[in-house]
Structures are given as C-alpha cells and as structure tokens.
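Novice: Single-letter residue listing:
There are 2 protein chains.
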Amino acid sequence: MSFFPASLENLIDKFASLPGIGRKSAQRLAFYVLALPEEEALAFAGAITEAKRQVHTCRICQNLTEGEICPICSSDRRDRSTICVVSEPKDVLSIERGHEYNGLYHVLHGVLSPMAHVGPDDLRIKELLHRVAEDEVEEVIMATNPDTEGEATAMYLSRLLKPFNIKVTRLAYGIPVGSNLEFADDATLNRAIEGRTEM
Amino acid sequence: MSFFPASLENLIDKFASLPGIGRKSAQRLAFYVLALPEEEALAFAGAITEAKRQVHTCRICQNLTEGEICPICSSDRRDRSTICVVSEPKDVLSIERGHEYNGLYHVLHGVLSPMAHVGPDDLRIKELLHRVAEDEVEEVIMATNPDTEGEATAMYLSRLLKPFNIKVTRLAYGIPVGSNLEFADDATLNRAIEGRTEM
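Protein sequence lines, in the order shown, are assigned to chains A and B. Sequential numbering of the first sequence, starting at 13, is according to my numbering. Sequential numbering of the second sequence, starting at 13, is according to my numbering.
Everything labelled a hint here was simulated from the structure, so no lab data went into it. Being a predicted model, the structure only gives us computed values, none of them experimental. A hint or two may mislead.
For identical chains, the list gives no copy identity; a pair is met inside one copy or between any two copies.
[Claimed, not checked] Here are the simulated EDC-like pairs of lysine to aspartate or glutamate, each with C-alpha atoms no more than 20 Å apart in a straight line: (1) Lys36 <-> Asp103; (2) Lys102 <-> Asp25; (3) Lys179 <-> Asp88; (4) Lys102 <-> Glu21; (5) Lys36 <-> Asp88; (6) Lys36 <-> Glu108.
Let's have the full structure, built from the sequences with the hints guiding it.
Specialist: Dropping the structure here:
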C-alpha cells in the first residue's frame with residue numbers, strides 16, 4: 013500500500029530523479045510545491061515546458077540561446093578573432109563574470125571521457141573545426157576544467173587544430189588570487205613555479 | 013546583461029525558490045531538465061500540474077488524498093476508536109511504516125508557533141474536535157514531534173480534549189532502540205529513567 017496519493021507519489025518520483033536529490037528531499041520539495049498557491053505551481057510547470065521549448069543551441073558557438081544565434085555571437089562589440097573553448101554553458105557565465113574576455117566562445121557540451129563513453133563525436137567538435145576553417149579566427153583558448161578529462165580534451169583539440177596554423181593557448185595554472193600558499197596543493201604549486209613570470 | 017536565455021533564467025529562478033536549493037543547485041537542475049528528452053521534461057511539468065489538481069485533504073482526517081476520503085479513513089479494517097494526531101502528512105507515512113498502529117489519523121498541517129505566527133486557527137484543530145464530538149472516539153494519541161513546538165501543541169490539544177472525557181496519550185519518550193546510552197542526550201536519558209517500565 014502506498015501512503016501518498018498516486019499523483020503525489022509521481023511528483024516525488026520526478027523530483028527524486030533529479031541529480032543530487034534524494035528521496036527525502038524529493039518528498040520535501042513535492043510537499044512544498046503542493047502547498048504553493050495554484051498559480052505559482054502552474055507557473056513552475058510552465059517554466060519547464062517553456063524553457064524546454066524555447067532554448068536551443070546557438071548555430072555558431074553551441075551555447076544555449078532562444079534565438080538562432082546567441083547574443084554574444086551576434087554582438088558587434090566582440091573580438092571575432094578569438095574563440096574560448098569551454099565544456100559547459102555555465103562556464104561561459106563564469107568567464108563573462110570577469111568582464112575581461114571580449115572574444116567569442118565555443119561550448120563543447122561535455123569533455124572526452126572514455127569511462128563514460130563520451131567520444132569526440134558526442135561533443136561539438138566538428139562545429140569548432142568548421143568555425144576555425146571558415147571564419148577569421150586567430151587564436152583558440154582552451155578553457156576546459158583543469159582536471160584529467162578537461163586536460164585530455166584540450167590536448168586532443170589542440171592536436172586537431174594544429175593544421176590550421178593558428179595560436180592555440182591554455183588558461184594559466186597557478187595559485188588562486190587571494191589564497192594562501194599553505195593551502196595550495198603540490199600540483200598547483202609546482203605549476204605556479206613552472207609558469208612563473210618576471211616582475 | 014543576462015548570460016542565459018530568459019526562459020532558462022526563469023526555470024533557474026523557479027528551482028532556486030524551492031527550499032534548500034541554492035542558486036548553483038538550481039542551475040544544475042535546470043540544465044539537467046533541459047537536457048532531458050522532450051517527453052520526460054513535459055512529464056515533469058505534467059506531474060506538477062497533475063499533483064496540484066488532484067491532491068486534496070481528506071474530509072475526515074485532513075491527510076493528503078485524491079478522493080474525498082483517504083484510503084485509511086475509508087478502510088473497514090482500521091480501528092475507528094483511536095485517532096493518532098500528527099503535524100504533517102509525512103508523519104502518517106512514518107507511523108504506517110511500523111505496521112503496528114491500526115487506528116485512524118488526524119493531520120494538523122503544522123504546529124503552534126507564536127514565532128512563525130501560527131495560531132490554533134491555522135491548524136486543523138476544529139476538525140479534530142468535531143471528530144471527537146461526533147464519532148465513537150475513545151483515545152487520542154498525540155504524535156507531534158518531541159520538540160518545543162510539538163510539545164506545546166500536544167499540551168494545548170490535550171487541554172481542549174479534556175471536556176470530552178476520552179483518553180489522551182502521548183508517544184513514549186526514551187532511548188531509541190538499537191542505539192547506545194553513551195550517545196543519548198541528558199534530556200532523553202532522564203525521560204527514559206522517569207518512564208522506566210517493570211521487566
């Protein structure tokens with residue numbers, strides 16, 4: 013015997029299927045949504061339907077957008093000679109937050125991961141090669157995460173890009189600004205020494 | 013400038029409005045839902061709408077149900093002379109899981125809390141009094157949580173029920189089964205000693 017009504021059980025199941033949401037949290041969330049005023053609950057449901065219907069990937073950079081081409085790719089104030097390659101749409105947000113980079117992006121939608129059966133064909137790699145071949149690109153910055161898979165992906169791409177005779181760069185490794193040497197791990201500290209710059 | 017499409021921002025906002033979900037988690041969940049196959053995303057939206065439309069409170073015990081009267085209240089195998097009073101629908105689940113209790117329930121939908129401006133009129137108290145007055149109730153078990161507010165609510169109700177001349181009981185306090193005396197807090201241990209039973 014199930015103790016909750018079927019439609020409530022179903023809603024709990026749906027929440028529990030989300031990443032990082034356990035059964036108890038799913039219950040809590042479902043009860044919360046049930047207790048919302050009618051229109052707010054319907055607005056939640058509508059937000060899912062709407063986002064799913066409206067959001068597509070930009071034809072050029074593969075970032076998420078509602079139009080055919082995203083605001084960054086269609087802006088005339090961005091430097092079109094530089095492409096920053098990231099693995100996920102949220103990484104674009106992180107870099108934009110710095111207000112330092114003014115070029116374009118390319119979102120791979122993942123990283124190479126033999127363990128998870130993600131190969132080159134599962135990423136938006138041919139779209140990147142197409143851009144480099146067709147557009148006036150001078151530099152590609154690899155901004156995948158500094159972990160094993162991000163490294164491997166950056167390495168793989170840099171080899172693919174070699175024939176195009178453009179500059180391929182990688183984000184600098186080093187100690188984070190404002191942190192403490194005491195807390196830096198060995199690998200980071202070694203990279204910071206290797207990559208030291210003249211003052 | 014917002015870096016995500018408006019409908020995606022809206023979905024992130026909706027997830028972030030849920031209790032215990034921060035901005036970063038909300039982003040992660042929204043991306044996850046966007047990456048779902050069309051039909052699964054729509055099923056999620058449908059589950060919210062459906063639960064909101066179908067689920068009501070039982071006319072008798074105020075627990076959540078899809079019909080007018082919940083399966084427990086309409087079962088003829090339950091002992092109708094006992095009512096167990098709990099604060100939330102999920103507490104019914106907890107007690108049912110034990111397969112020990114065979115009476116009916118009454119869900120208050122909250123506890124008295126002057127700090128949160130929850131008074132007697134915000135809980136399903138008059139529905140409980142009505143049941144005690146009209147039905148053949150012999151015992152009411154207070155099963156609100158063993159915290160300050162749960163205690164106060166149980167105390168308040170037990171006073172209200174006095175005139176009806178029925179048995180009003182409270183769940184036993186004591187050391188949890190399978191635990192270790194070493195880890196029991198003082199209040200629990202004192203209650204366990206007070207409530208000791210003959211062997």
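Novice: Could you run down the list of hints and mark each one as holding or not?
Specialist: Checked hints:
no., hint, in the structure
1, Lys36 <-> Asp103, "between (31 Å within a copy, 12 Å between copies)"
2, Lys102 <-> Asp25, "between (27 Å within a copy, 15 Å between copies)"
3, Lys179 <-> Asp88, "neither (23 Å within a copy, 79 Å between copies)"
4, Lys102 <-> Glu21, "between (32 Å within a copy, 12 Å between copies)"
5, Lys36 <-> Asp88, "neither (49 Å within a copy, 31 Å between copies)"
6, Lys36 <-> Glu108, "between (36 Å within a copy, 16 Å between copies)"
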